[in-house]
Amino acid sequence: MIRCGSGHCGHVMESRKLKHTPRAGQGQAYFISFILVLTTLCNAEGSSVAYIKKLMLEKDDPMRSPVELFRLVDKPSLHISAAPKDVRVREGVSFSLRCEAQGIPAPVISWKFNGKSIAQGEHENEGNLAELLMNIGKEVVQSSNTAAQLHIPCATYKHAGYYECVAENGFTTVSATAKVDVGNALPAIAQNECTDSLLMEEGQRAPKIYMWTDFRFEVIGASVQLFCRASGNPDPVIKWYRWDGKEIVNADGFNVLDNGDLFIRHGTWEDAGLYFCKASNDFGVSESQTFYYPTAQKENEISEEK
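In UniProt numbering, the protein residues as written are 1 to 306.
Be careful, since some hints might not be right.
[Said to hold, decoys possible] Simulated crosslink set (EDC-like; lysine to aspartate or glutamate; CA at most 16 Å straight-line):
id	residue 1	residue 2
1	208	91
2	278	235
3	208	287
4	116	74
5	246	214
6	112	124
7	85	235
8	179	86
9	239	287
10	208	270
11	116	91
12	239	258
13	112	86
14	208	282
15	208	235
16	112	74
17	158	91
18	75	139
19	278	252
20	85	164
21	179	164
22	278	247
23	158	139
24	239	282
25	246	271
26	278	214
27	138	214
By construction, these hints were calculated from the structure, which means they are not laboratory data.
Between the sequences and the hints, there should be enough to build the whole structure, so can you do that?
Now the structure itself:
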């Protein structure tokens with residue numbers, strides 16, 4: 001634990017078992033980074049440090065983010081910007097539901113079917129922790145529109161019901177619900193579509209990007225984490241490309257994280273534009289696109305007006 005006060009920070013070691021073990025790989029790396037950041041953080045009132053301690057040792061909700069560690073330019077907000085639509089499909093036919101949520105800070109989206117959570121991928125419950133760690137103490141915009149798609153490859157009567165899109169951003173939660181009806185199948189369609197579904201059950205599954213950042217606004221110089229979460233079997237390889245078609249490599253302030261997200265360490269005006277995420281394995285390809293726009297810092301705007 002780190003105690004702050006009188007302009008300096010003291011270090012007090014505590015031996016306590018974490019209630020939630022970080023995910024292997026990325027989760028452990030984030031945890032280590034978090035501790036390293038804490039060793040340099042000094043808050044005269046100690047409120048941020050107390051919040052971190054509560055977050056790391058006592059949190060019950062994995063979706064919560066250390067939102068109190070940075071300063072938001074605008075008030076937190078969250079709303080469903082595109083609700084999933086009711087659909088009626090024939091048995092044996094694939095269907096998808098799409099949902100979007102716009103908010104400050106950036107929201108993440110999950111799905112429920114008849115009130116029960118739907119598991120989509122290994123990283124579906126992760127927020128934008130890498131970005132939050134890098135933006136500690138900064139003034140940030142955190143304005144984002146997140147999109148999500150739920151894909152059902154072979155509809156049966158058991159898939160009929162209510163699907164709820166749930167968006168969270170660390171401050172609040174909103175949701176929207178769509179009804180799915182499943183009708184009688186056409187024999188040829190049922191045979192073709194459900195043959196593909198049997199392959200899925202054997203472990204062969206084409207990749208699907210189930211959540212991504214649709215657009216994102218952030219202050220120039222701040223770190224940004226653009227979502228691209230995908231599932232598939234074998235695990236898909238995720239690559240990012242700039243608007244000019246050039247593949248992004250882990251260099252020059254850009255990193256593709258283990259969960260598929262693109263991390264921009266210090267966004268500049270030259271980084272503005274469209275970014276494309278591609279998830280691929282031996283059975284197919286799934287793609288999404290994101291628009292990133294770095295906004296001017298207030299200090300720069302004031303100096304230019306003068």
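With the threshold set at 16 Å, check whether the alpha-carbon distance from residue 239 to residue 282 stays at or below it. It holds: about 15 Å lies between the C-alpha atoms, which stays within 16 Å.
Under the criterion that the straight-line Cα-Cα distance not exceed 16 Å, is the pair residue 112, residue 124 satisfied? The given pair, whose Cα atoms are some 13 Å apart, holds under the 16 Å limit.
Decide if the proposed pair is consistent with the structure: residue 278 and residue 252, CA atoms, cutoff 16 Å inclusive. violated, 20 Å
Given the proposed pairing of residue 75 with residue 139, does the C-alpha separation stay at or below 16 Å? Status holds; Cα separation ~12 Å.
Taking only the CA atoms, is the gap from residue 278 to residue 214 under or equal to 16 Å? holds, 14 Å
Does residue 208 pair with residue 235 here, judged by a C-alpha cut-off of 16 Å? holds, 10 Å
Check the hint pairing residue 179 with residue 86 against an upper bound of 16 Å on the C-alpha distance. holds, 5 Å
Quick one, are residue 278 and residue 247 close enough, alpha carbons at most 16 Å? Roughly 10 Å separates the two Cα atoms, so the pair holds.
Keeping to a limit of 16 Å between CA atoms, is the pair of residue 239 and residue 287 held or broken? Given that 16 Å is the threshold and the Cα spacing comes to 10 Å, the pair holds.
Next pair to validate is residue 239 with residue 258; report whether the Cα-Cα distance is within 16 Å. holds, 11 Å
Check the hint pairing residue 85 with residue 164 against an upper bound of 16 Å on the C-alpha distance. Satisfied, since the Cα-Cα distance of roughly 11 Å is no more than 16 Å.
Measure nothing beyond the straight line between the CA atoms of residue 278 and residue 235; if it is 16 Å or shorter, mark the hint as holding. holds, 13 Å
Violated hints, listed in ascending order, are 1, 4, 5, 7, 10, 11, 16, 19, 23 and 27; each of the other numbered hints is respected by the structure.
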